[in-house]
Structure formats: C-alpha cells, structure tokens
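The primary structure of each chain is shown beneath.
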Amino acid sequence: MSATAAGFPGSACTWRFWQTTIGKKAVMAVSGTILAAFILGHLAGNLQIFLGPDAFNGYAATLRHLPELLWPVRIVLLVSVIAHIWSSIQLAVTKSEARPTGYVKKRPAGSDYASRTMYWSGPIIAAFVIYHLMQFTFGVGGTPYHPLDAYGNVIQGFRVPAVALFYILSMALLCTHLRHGLWSMFQTLGFYHPRHTPKIKRLASVLALLIFFGFISIPIAVVLRVIPQVL
Amino acid sequence: MRLTFHIWRQPNRTSSGKMVRYESSNFNPDMSMLEALDVLNEELILRNEDPITFEHDCREGICGSCGFMINGLAHGPLPKTTVCQLTLRHFRDGEELFLEPWRAKAFPVLRDLMVDRSAFDRIISSGGYISVPAGSACDGNDILVPKPYSDRAMDAAACIGCGACVAACPNASASLFTGAKVSHLGLLPQGQPERNQRALRMVAQMNAEGFGQCTNIGECEAVCPKGIRLEVISRMNGDFIKASWSNRGQQSVSDGV
Ligand code: HEM
Ligand code: FES
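Quick note, the sequences are listed as chains W and R, same order.
Position one of the first sequence corresponds to residue 1 (my numbering), numbered consecutively onward.
Position one of the second sequence corresponds to residue 232 (my numbering), numbered consecutively onward.
One thing to keep in mind: the hints can contain errors.
Quick list of the computed label-pair ranges, beta carbon to beta carbon [as the list claims (entries may be wrong)]:
1. R:364 <-> W:81: 51 to 59 Å
2. R:252 <-> W:96: 47 to 55 Å
3. W:89 <-> R:308: 29 to 37 Å
4. R:356 <-> W:39: 39 to 47 Å
5. W:101 <-> R:277: 25 to 33 Å
6. W:132 <-> R:356: 28 to 36 Å
7. W:194 <-> R:370: 42 to 50 Å
8. W:198 <-> R:362: 35 to 43 Å
9. R:294 <-> W:126: 41 to 49 Å
Rough simulated footprint, nothing fancy, chain R against chain W, three-plus residues with beta-carbon under 8 Å [claimed, not checked]:
10. 58–71
11. 109–116
12. 122–134
Simulated from the structure, these hints should not be mistaken for laboratory data.
Built from N, CA and C at the ideal position, the CB exists for glycine as well.
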C-alpha cells in the first residue's frame, strides 16, 4: 500500500498536517502558549497601576512610543488569536460530528471541570477580549475614555460595578482555561514524563491562580477605593 | 437479587431505538453483568420477546468484545474491569441500571448494545504492524530489548480494543486506542523502520473514520479496563508531529531512523 492511500503523499506537507486533529491541536498549543506568555507580560505591566497615575501612564506612553516593539507584538498576537480560535472552531465541529447521538446518562470519571469546559471558557474569554479592547484600546466601551490617560480610563471603567464583575468573571474563566491548557499543551506537543508531568500540572495551576489573582486585584482595588490613593 | 434495567433497544443499524425498562428478581450477586443479561434474555425468550443483543466472547476480560455504558460509565463503576468481569455484588439490591451502547459516529449501533467497531480494525491495518519476512521463525532473543522498554511496550500492548476510551471521551476520540498501538510498536526495535509511516497512517485513518480530537481530559484513562495511560497519546502526538516533518515517503529505507 502506498502512503497516499492513507491520505499522505510522500513528503512532509503543512496543509496535510493542518488537516489532522493532532495538527490543529498543535496549532492550538503553540498559539495558546504565545497568548499565555503575553498574558504574563500584560499582567506585569498592569500591576504598575498600583504605583500611581504617573508610573502607569508613563508605562502606557512608553509602549505607544515604541511602535517597532508594539506592532510586531500586536501582529503576532493577532495571528495567534486567529489561529487559536480558527482551530478551536473546526475542532468543535469535529467533536460534535463525532458523536451524533448522545447518552441518556453520562458521568465524568477522570476529568476535571476546567478541562471539560475549554470549549465554553474559550469563547467567553474571546467575548471578553473584544469588550476589553473596545473599552481600553478603542474607547468605545461605554465608560469615560481619554486616549492619554490610561490610568483614569481604568479607574473610571471599573467604577461601574457590572464592568468590574464581568472582568472578574472572565478572569475566573481564563484561570480555568489556563489551568488545563498550560499542561495540556505539553501533552499535545508530545511531552509526557511520569516524573515531570505531575509537576507541570501543579505549575499550570499555580500560574493560572497567579494570573487570576493578579488581574482581579485591579478591579477589586478600584471598587474598594484602594486606588486611586488619596494623599 | 432484584435489579431494574433500562436498556437501549434498537432492531438494526438503520432503525431508531429507545430505552426499555426490564425488571427481574432472578439475579444473584455472584453473577457477572453479562450473566445477568443472559438471565434476563431467558426470561424474554420465555415471554416470546426478542432477547437483548450484546457482544461477548472470552468473558474473562481479555478479548475486548464486551462493553457498554452502565449508568453513564463505560464498563460500569469498577476501575480496570470489563463488563464481563463486573459482578453484581458491586450494585445494591433493587438498584436501577441504565445500559447504553458505545456512542460514536465511527461506532454505529448494529443492534441493541452491540456496535460495529471495525473502524478500529481499519486503524490497525493502516499501520499497526511491522513488516517481517514470513517464513522460518527467527531465534527468540535475536533482538535484545532493554527491560524498561519491553515493560512499557507491554503496558501499551495490553489494550484489548474494546472501545471504552471512545465511548467515555466527550469528543468520541480514539486517541487512547491509536496511541496504545503506536506506542506499543514504537517502543520496540522491530517497530523503528516503520515508525514514521505508522504514526502518519494510523492518525490519518483515525481521522478518516470520524473520531474526534483529544483534549487531554483523561476520561479514557479512567475507564480503560487495561489501565492504558494518557502517556501513549502524547507519544502518538510526538511521533506524528515529528513524522509530519521528517517523513521522506516510500523511497527512503532509512526513513525516520
Ligand atoms: C488569552 C487567551 C487564551 C489563552 C492564553 C489560551 C491558551 C490555551 C492553551 C495553552 C491551550 C492548550 C492547548 C492544548 O490543549 O494543547 C488552550 C486550549 C484551548 N483554547 Fe485557548 N487560550 C485563550 C483564548 C481562547 C479563546 C478566545 C478560545 C476560543 C474561542 C479558546 C479556545 C480553546 C480551546 C477550545 C482549547 C482546547 C483545545 C483542545 O484541547 O482541543 N482559547 N488555550
Ligand atoms: S467478553 Fe472478552 S473482554 Fe469481556
């Protein structure tokens, strides 16, 4: 039998790779890793809000004055987001087609909540990202916006309880998404080791919680009037 | 012992089916789940009803023929146990049990609790083999295999192809099965020359059969009667990804080595 019979011509082929479930999962894992790395950097940047308006707005201005850094990062992120979402949509279709008739009774035996809800947490995070960009990047989120006052935008944005609440809930979902995703990507890319994998799982949980508490500290601080500090 | 069953009844591949309720007190706790169905079937035959079809062969947990969902769990509640080895003493007297066939597009229901698992056979024949000159057998220890490798290969080879992994997976993925086959041969020296081709072909066939993707959830591992580990899936992923880029096709003998 020639290799073509099973759907593979002799040589490596990017398109064929992408056409397989494992290929799409590999794309998700790599794009997810890039997004997660960005999230960590973004968190480090955002936490400077606790240093006061001058430090935070200065940081925002620095980014804006570095287009040669800002734009490549934005492009890589955009490509990653599109790749991640596009593969997740195709895999969601594959998954729903793979079981046309469901069970009358079905009980989970080995999975946790985070892993079972990846296809829910993902799209909700996407909705959040869109609102987040509308609010703080494009200034059309319905809360007061001044292009040169990132600090004020955040404070005024989170003074609206519904906005703060949505933000916190989205971070909770990001936390569960990463709790599973950050170890799953190793498995997807072919790395498993009985000694290291349990450690990777623990690290994924720690990072996910760090990201959760790090991000929600800002709306909570705003709602509780911890920032802005009144001197 | 009394039990109430709700069992999926479907006369053939094309007709629709439904859950039907059966009750009997003629069970005893030492019976296996399949023996309970035998008892129930004898009652049905005496009542001139169609007996319930289920697949079985060895009834000692080694052939992989049997298997269905019991109250939402593949092979029922006991870990590492096929339904033929699952005895009724693990259930309460008077308990209500829902029996359903494996559900996957690639596993069409043939009748009642019996599904067509030939998709697994096609995955095996696409690459789950090694090419050897047939003829006189070679010496037993011609090729030495380090113990840790033979152990891991044997662990993967324990897969009996029952299909519980597909049934339990929310994506109806056959990754644990295919991963077990890819790993079992890929861990042995004899499996090396065809390792790339094997990963490429078996994964392509697995996809062509309409099984879903793996989301590393672990439902399969939890229900596998042979304790196959998720590790085999990551091995398959790694082999497949590597083979996708390094494969040189048919012309090269040293393919992937
Ligand atoms: C900041 C945003 C995001 C990050 C950091 C992120 C990260 C990750 C990572 C690391 C994985 C693991 C990949 C693997 O299983 O190998 C993953 C999986 C997944 N992500 Fe995301 N993701 C993000 C946003 C999204 C969005 C917006 C969606 C949906 C539209 C989404 C949908 C999914 C799905 C469905 C999976 C599971 C893939 C699978 O297991 O088959 N993610 N994500
Ligand atoms: S009948 Fe052979 S494994 Fe159950």
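Going down the list of hints, with the structure as the test:
no.	hint	result
1	R:364 <-> W:81: 51 to 59 Å	holds, 53 Å
2	R:252 <-> W:96: 47 to 55 Å	violated, 30 Å
3	W:89 <-> R:308: 29 to 37 Å	holds, 36 Å
4	R:356 <-> W:39: 39 to 47 Å	holds, 45 Å
5	W:101 <-> R:277: 25 to 33 Å	holds, 31 Å
6	W:132 <-> R:356: 28 to 36 Å	violated, 51 Å
7	W:194 <-> R:370: 42 to 50 Å	violated, 33 Å
8	W:198 <-> R:362: 35 to 43 Å	holds, 38 Å
9	R:294 <-> W:126: 41 to 49 Å	holds, 46 Å
10	58–71	violated (count 0)
11	109–116	holds (count 5)
12	122–134	violated (count 0)
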